[in-house]
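2 protein chains.
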Amino acid sequence: MCQLLGMNCNVPTDICFSFTGFQARGGLTDVHADGWGIAFFEGKGTRVFLDPEPSAHSPVAALVRQYPIRSRNVIAHIRKATQGVVALENTHPFMRELWGRYWIFAHNGNLLDFAPPLDGSVMPVGNTDSERAFCWLLTALRRRFGDQAPPTAELFAALTELSVDLGSRGECNFLLSNGDWLFAHCSTQLTYIVRRAPFAKAHLTDQDVTVDFSEVTTPNDRVAVIATQPLTDDEVWTPLPPGSLWWFEEGEVRASAPTVPGPGEKCRYHCGGG
Amino acid sequence: MCQLLGMNCNVPTDICFSFTGFQARGGLTDVHADGWGIAFFEGKGTRVFLDPEPSAHSPVAALVRQYPIRSRNVIAHIRKATQGVVALENTHPFMRELWGRYWIFAHNGNLLDFAPPLDGSVMPVGNTDSERAFCWLLTALRRRFGDQAPPTAELFAALTELSVDLGSRGECNFLLSNGDWLFAHCSTQLTYIVRRAPFAKAHLTDQDVTVDFSEVTTPNDRVAVIATQPLTDDEVWTPLPPGSLWWFEEGEVRASAPTVPGPGEKCRYHCGGG
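Residue numbers (UniProt numbering), protein chains in the order written: chain F, 1 to 274; chain L, 1 to 274.
This is chain F alone, in the form it adopts within the complex (with noise of 0.2 Å):
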């Protein structure tokens, strides 16, 4: 499986401290050794960062742990591959653009016989489930709200209904953002914090390295940050439920639903195939 990190802010923040924890899992700490890769949206422009080799020796990975890019969203993913070969193309985050937006995904999880029926608007340039799941997502968006961007409460209850599907195909843990908004869909196992004033010092998990929020924000500052499993070892995370997806934006919670087929409901879009 792989691991999955996300920040979503009122401000742009940058994410080196976080990123020094989750990189050393990616060969040092943990396994996820199959590539890894981050994507920071600076206003409607995206920064994507791949590197199919591990992340805890990629001169990629220190160039990103040492430049502070400011960003209101970020989407970072190590991989530990379950299907598809180790190459650039299955490396996450997948980008694409809908409705003059980048969109941006990364998925922890694994998807059996995921083969849906795709027409041709938004496609698959590996060979991984993530990515078919990606592009299956959007070409529904498309086909569900045409050439125009809906509001996000709509868009956010539509891939509600979206995710109850997937989250039956299999293990489907997701982040999503488009630069505004940053929605995570828990499959099996995500936790998040907000940290807003009055900040504190927090301890990575994974390196012996402290950041004292307090010198680094300003009162106003809200970042919310969403993980496989928690950075710090002296904060308190909040589990997300399995089966729910969460909308995060100006780097709090705007709202959550759950994915979960109530007993006897039917899935009501129909991922197809396989």
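Bear in mind the hints are in silico, worked out from the structure with no lab data behind them. Ideal Cβ positions, reconstructed from N, Cα and C, are used throughout, including at glycine. A few of these clues could be false.
What the hints assert, rightly or not - Within a straight-line C-alpha distance of at most 30 Å, the following computed DSSO-like cross-link-like pairs (lysine-lysine) qualify:
#1 Lys44/F / Lys201/L
#2 Lys80/F / Lys44/L
#3 Lys44/F / Lys80/L
To be verified - Simulated coverage check for chain F against chain L, where a stretch passes if three residues somewhere in it have a Cβ under 8 Å from a Cβ of chain L:
#4 83-90
#5 95-107
#6 209-217
Model the placement of chain L on the given structure of chain F, informed by the hints.
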């Protein structure tokens, strides 16, 4: 105006030497200081490094210069903004997915009043004429060929026609690649060189750096380098004629075609609007 750099090879090759000279033009030996970017294909995967800062002082450029990523197709760009503010979303090269492959595009020039109708399937994120031109090209190709990629010769013929129209709207030098081939359109200024055995030494124009290619190649290697201006001062570069599209593949020229309409001939495709 901006500057373009492309490389197309028959074996994965690093671009460190050419990039060392090229990136110096981004604020050190020349004025192109409004951001820069470089895209590497590795198989079907793509790595895009973007920085809205001048390349001569960019830590990301320092990484690219020192980290030998081996690629068969590379496109790089340094920007002197004409349309669109200096921002990450306006930084070339641009990437979209079409027919299950990533497509990379960078442009040097200025398309006046270029506001073609787009059908929503491929939309610009920023506000440059360049990204609009890229979206217009991909939309036209998808409309013509549907959901299946055509043979490259048919694609080249279609792009030749589309380039006639683009070229009629203003200065339009561009590089385009999907990882298999690299197309270069010269509207006003592009030059190229094919390096093959017997390999010799070469000295950069912009930095006092010499490389002996015979020490870093094998006899079967072929490397085509395309640039706005020659990067070395002791090799023979061939200017592309203004108004021509060139198809590079496996490190050699496969075809070229004029993109200047004959006397009295009208453009067959219409960029529309504006």
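Hints the structure violates: just list their numbers, smallest first. Result: hints 1 and 6 break, sorted rising.
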